[in-house]
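Number of protein chains: 2
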Amino acid sequence: MCMAINTAKFGFIKRDTPREINLDPLQTGGILTPEARQALQEWGDGYSVCDYCGGALDQIKTPPIFDFINKALPEFLGCDQARVTNGAREAKFAVMHAVCKEGDWVVMDGNAHYSSLVAAQRARLNIKLVEKTPAPEYKILPEKYAEAIDAVKRESGRAPALALLTYPDGSYGNIADAKAISKIVHDNGIPFLVNGAYAIGRMPFNAKELGADFVSGSGHKSMASSGPIGVLGVSNQYAPKVLAKSPTNKNKEIEFLGCTARGATIMTMLASFPAVYERTRPERWQKEVEDARWFSGQLESLGLKQLGDKPHDHDLMFFESMPFYDISQKADRYFLYREMKARSIHGIKPGLTKNFKLSTFGVGREKLGIVVDAFKEILQKYST
Amino acid sequence: MCMAINTAKFGFIKRDTPREINLDPLQTGGILTPEARQALQEWGDGYSVCDYCGGALDQIKTPPIFDFINKALPEFLGCDQARVTNGAREAKFAVMHAVCKEGDWVVMDGNAHYSSLVAAQRARLNIKLVEKTPAPEYKILPEKYAEAIDAVKRESGRAPALALLTYPDGSYGNIADAKAISKIVHDNGIPFLVNGAYAIGRMPFNAKELGADFVSGSGHKSMASSGPIGVLGVSNQYAPKVLAKSPTNKNKEIEFLGCTARGATIMTMLASFPAVYERTRPERWQKEVEDARWFSGQLESLGLKQLGDKPHDHDLMFFESMPFYDISQKADRYFLYREMKARSIHGIKPGLTKNFKLSTFGVGREKLGIVVDAFKEILQKYST
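From first to last, the protein sequence lines stand for chains G and P.
In terms of our numbering, the first sequence has 139 at position 139, counting the first letter as 1, and numbering is strictly consecutive.
In terms of our numbering, the second sequence has 166 at position 166, counting the first letter as 1, and numbering is strictly consecutive.
Some hints here could point you the wrong way.
Pairs count within a copy or across copies, as identical chains cannot be separated in the list.
Here are the computed lysine to aspartate or glutamate pairs in the EDC-like style, where the Cα-Cα straight-line distance is at most 16 Å [to be verified]:
| # | residue 1 | residue 2 |
| --- | --- | --- |
| 1 | Lys-139 | Asp-177 |
| 2 | Lys-14 | Glu-35 |
| 3 | Lys-208 | Asp-177 |
| 4 | Lys-349 | Asp-51 |
| 5 | Lys-9 | Glu-35 |
In short, the hints are calculated from the structure, not lab data.
Let the hints inform the model, and build the full structure from the sequences given.
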């Protein structure tokens, strides 16, 4: 070991981004509850949850991880069996790796998150993207799944080994007709994976109602958990493959390398679960959708344009913002970021002005009003 | 979603195990520093480190994750390039999956951690275990690697695709002659992976000095980090394979699914790094080894027997404890756990009396003395 490493810049580091109002789509659903903050302090040490482990994380009775993974979580996801993973992408890779063979084809929506593509590439699968409708809607229509499946059959001589839908997608917050897609996929004898990283923990969600054989969710994205942690739901039909155990180490599941969220992450998920469960009730979610639609309307009245589903059914929205782009041509491309930062509003990436994504999840009408006023002020300031 | 989930048992849960003295081998190296505890609170929210991310975790300049992963960590590990992973096992799987093909053979020491076997099984490799010497030493001798490699060649008609050594192993804390093993492995044209989950962050460690092409380490086991988080070191020779990027998403590395420790975990590793770096200095580690040897001697004077390397070179030790087993035959098998718990000493698994593992890492001579006295007292109490 070299003895000359300068460690002075490490140690405790402050987080300096102001965030009294946070609209970052990656972050709005991952803000910890007070209970999760407490859990971090209590369970932060390495391997803290392993005191009473008999060899399998999901079997730990104290703390009640067994009850969470084997009872509450399958009910919450609407599936037969569940596991925690190191994230939604790790859940997707586990499914792809377990049910497909190298060289197989996977069909996925054209709005799929990059991690779905990379997971398929890691599993050495071929990818066929399902076409989306043109701008400004970018919808994923069920019949396009049929076309993609047919194309794979034609080109490769065999059916795809898996179909994946992003529900909703992370670019436009579009919610496709999963049930209709499931029917087409299943009619072709193909298993169906729904990536609900922006759904599970935010909105009502039920794997069986959607017709999903597998679902993936994200703790740090949508379940108020400290990451990396995700959830995987699987039907009894496919559980033997996905949850297969090691031939040499009888209680270790191969796809999870024996253990996944082995630390404080799982305890933050348990800590936030009562609040997360409450916030996904239909009446709570309906309020979120109303807030999103109101916010979209306000921004459109300022000359911005919301792309994707309209009226919108999710808190994640994509805006084309030509008025701000026009200003950036006179000012500079960082003006919007600076102006928002000065108002302690976080969420628009530095340098973006022409279009950006925002999430209104959990922000509430009052703070959303402050954001709308901020946009108005900035437009006025630069129009004079 | 079913509306009848009882969430009352979740929320914040206290950790009730007393642990004024902690000897649990899984935990002694993972206890957070005060800086890491602070980092958890500061960076606990989901995706907190992503504010200034341009698309790759290891490229984030603020906080200084780039400097950590690309400068400090390779120097600390003694290798050309480094990455953070979701744990040592995830690092091992990434290496196996990247450099081997399904059906290839991997040779690993007979003391390998179960997760090395499960990682190889997930990568669909065949495993040849390198024989260890008989009780009580259970040593891994370099020449046995040569035998195992020859056996694979004989049985399969080709050389193994990878060799792995656990350094030290997690059962006996034995430290094998990695350098000599590396020579044998490399003479056969085979790349060499050293799993240093119990070394990196505890003791002096240098991949190049050991002759390792890849190394895996554990943040939650040995780097005072909140898990799940691990480290991977790789030589320039193998970096193109292990760090290969996605053809569709140019800055996303396939084996890491684009991103790994995307949350508070990496910030706890940065926070603890100055202290972890200090504690791995040779003079600090020498004190740890002396403490371990003293403790082993004390326990042997009570009639226990330490297995594995003797004199011992690591804090993790395996004891055969017949005097306690004899008592359990008259009392019950949980008496030792109860007696230790009453003294706020944590680390011997409930129900074990005949043999158990302990770690003296970071405990210090004074507290180790209290443990020795506790063992004495318990023996006396039950001998009357």
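How the hints compare with the structure:
no.	hint	in the structure
1	Lys-139 x Asp-177	within (10 Å within a copy, 60 Å between copies)
2	Lys-14 x Glu-35	between (22 Å within a copy, 11 Å between copies)
3	Lys-208 x Asp-177	within (14 Å within a copy, 54 Å between copies)
4	Lys-349 x Asp-51	between (42 Å within a copy, 8 Å between copies)
5	Lys-9 x Glu-35	between (31 Å within a copy, 13 Å between copies)
Checked against the numbered hints above, the structure breaks none of them.
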